[in-house]
Every structure is written in C-alpha cells, then in structure tokens.
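Student: With these hints in hand, go ahead and build the complete structure from the sequences.
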Amino acid sequence: MGFNGPSVKQSNDEMVNPPRAHWPEWLFSFACCGMIAANARNRRLEGEPFSVMTYYGQTPGVEVLQGIGWVVAVSFILIAAAWIMRPQWGFQCRHALTLISGMGFVVAWLELVTALRSLQGAPYRLDGLPYDPVTNLGLGGAQVFATYMMLRLPDGRLGPKAGLGVKLGLAVCSWIIQLMLWTLISIR
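Residue numbering for the sequence shown is 19 to 206, as defined by the working numbering.
DEER-style ranges, computed between Cβ atoms:
hint: 1; residue 1: L202; residue 2: I102; range: 37 to 43 Å
hint: 2; residue 1: G181; residue 2: T72; range: 45 to 51 Å
hint: 3; residue 1: R143; residue 2: I195; range: 23 to 29 Å
hint: 4; residue 1: R62; residue 2: P178; range: 38 to 44 Å
hint: 5; residue 1: L182; residue 2: L202; range: 26 to 32 Å
hint: 6; residue 1: R143; residue 2: T116; range: 32 to 38 Å
hint: 7; residue 1: F48; residue 2: Q110; range: 18 to 24 Å
hint: 8; residue 1: G181; residue 2: Q110; range: 20 to 26 Å
hint: 9; residue 1: D173; residue 2: V82; range: 34 to 40 Å
hint: 10; residue 1: G187; residue 2: L117; range: 22 to 28 Å
These aren't lab readings, by the way, just hints derived from the structure by calculation.
Predicted model only: the values in this text are computed from it and were never measured.
Positions of the beta carbon are idealized from the N, C-alpha and C atoms, including for glycine.
Tutor: Structure representation (structure tokens):
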C-alpha cells in the first residue's frame, strides 16, 4: 500500500457510490433559512420613511450585494435539497455548495466594507454592524459559509472524529480572525 493507496481506493469507491448529503448540508440549509428571514426583515424595514435602512439601502452597491446575498442563500438551500433528493448528483452538488459558500463569504465581507464606507459623513449610524443590516447577517453569515467550506476539507490521515475536531477548531480560529479583522477595519 503506497502513499496514494487509500485515497485512490476512496476516489474509486466515490465514483461507484457518489457522496451523500450529510448533517452539514441539513444544518447549513437551516442556517440559510435564518439568513433569508433576516434579509426579509431588513427588506421590510427599508420601506419605512426616515429609517436607517432606507438611507443604507440607497448606498451605491448595497442593493446589488444584498441581491447577490439572497441568491447565494436560496441557491445553497436548493442545491442541498437537490443533493438530498438525488444522491447521484453528489459530486456536482458538493462542489457547487463549496463554491456558493465561498461566494457568500466574499459577498458578506464586501457588504461590510461598503457599509463602513457609507458611514463616512452619513447622517445616520448603523449600530447593528457587523451583523445587521448587512445581508445574510453580515459577519455571522460569513462565518457560516466559512465553516461549511472548512467542513468540506478532506480528513487526510485523521479519522472522522479527529478530522471533525480539527475542522471545528479551524472554524473557531476563523471566527476569531474575522472578529479581529473587523475590529481593525472598523476602528479606522
């Protein structure tokens, strides 16, 4: 058994039996439902006259980023549902969900930076930053998508339990790094 022995066997098994959706897809689909609910609440508040959401929604680029955030959350749910209902689509769905998670992470951070820029000389304050009024719960959504991407990393030579522990440890480190980064850029 050479260095590539187990991974070659594993990939051959996956070719015959495609990967099935497991608890991460279910869990993160529920998280996306929560993000969609928060987005809908923020959208409803935009219509109120003289509200912070009305002013923030007029910031250039915000409407586009929020639309992309909606699409990311909805498409995550739809692709996860397709994978759950059609396990033979496992390869394509796994890669699509990872790509969508990356997009969700980037969009959340782009909107956070846009929100900070909108505050310069603005007649309003966004007290809920970094979580609200940014689409997909801002930093919380970015962490949800980052955690999903980390859970999709291979276990390597670790067992499933040790691999999960390492991935969850990486997710906690990611959360701490994002909070530190947010603190650094929001102080300016």
